[in-house]
Amino acid sequence: MEEAAETKEKRLQHKDNKKTIRHEDFVAGISKGMAILDSFGTDRHRLNITMAAERTGMTRAAARRHLLTLEYLGYLESDGHYFYLTPKILKFSGSYLGGAHLPKISQPLLNLLTNQTSLIFSVMVLDGYEAITIARSAAHQQTDRVNPYGLHLGNRLPAHATSAGKILLAYLDDQEQCEWLNQYPLQRLTKYTHTNNETFLALLHETREQGWCYSCEEHELGVHALAVPIYGQQLKVIAALNIVSPTMRTTKEYLIQHILPLLQETARELRNIL
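Mapped onto full-length UniProt numbering, the consecutive letters of the sequence shown carry residue numbers 1 to 274.
Hints were generated in silico from the structure; no laboratory data involved. Given the structure is predicted, the values throughout are model-derived calculations rather than measurements.
The calculated lysine to aspartate or glutamate pairs, modelled on DMTMM-like cross-linking and capped at a C-alpha distance of 25 Å, are:
(1) K19 to D173
(2) K15 to D43
(3) K18 to D174
The whole structure should be built from the sequences, with the hints applied where relevant.
And the structure:
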């Protein structure tokens with residue numbers, strides 16, 4: 001009796017979302033092009049060929065070809081030395097915000113919270129090292145700071161130094177938390193940022209036990225925040241709802257006593273809708 005030949009499929013696994021793909025289905029050119037776009041950020045609005053090569057691990061020749069191709073397609077512009085993103089890149093965020101369910105149903109509730117408190121609220125999700133703002137509100141009479149924490153749509157903040165980020169990390173399982181720490185070493189952003197792994201893991205455990213997270217000046221001095229989890233189907237945490245405020249305007253006691261119940265009630269409303 002002849003034995004069937006066994007063929008082993010070579011598969012690739014993404015380091016962040018753990019999704020897999022067959023090697024023959026993976027398009028390296030698209031991956032490299034997206035790596036170029038990902039290399040732009042709030043800390044670097046303009047890149048030259050050398051910078052792009054360093055950030056993506058490509059050769060200068062490969063980085064140059066991808067930059068020129070993206071410029072040709074209209075996603076980048078150049079002054080002859082540096083490349084920078086064009087407004088065309090916003091079509092992707094616009095498509096997401098226009099079609100995604102959570103930002104749509106969150107917005108009226110965020111606006112209601114703002115009308116009740118004149119504070120800034122947002123919904124954030126985890127993406128690798130960072131927490132991303134997918135919905136936000138702004139107080140009608142915000143006079144102290146327009147955007148504390150830089151909370152605009154699509155803004156990315158280091159998860160370990162924000163209340164929303166720590167909420168999202170707290171609801172990962174123990175192995176996922178350890179893998180995240182191994183992949184993204186804790187970076188000091190202010191003198192209050194947690195940088196010890198054991199202490200940070202203990203903080204995540206405490207956060208999960210109490211069901212909310214308070215963070216003060218860990219990412220930006222003069223700013224504190226409070227966050228609660230948003231549950232989706234099958235009791236899985238899919239996002240975080242948070243409030244961010246200057247420390248000169250609100251106290252920790254005020255946020256926990258008066259704002260936390262509003263956050264928890266809003267999170268329950270979202271859970272019933274999702």
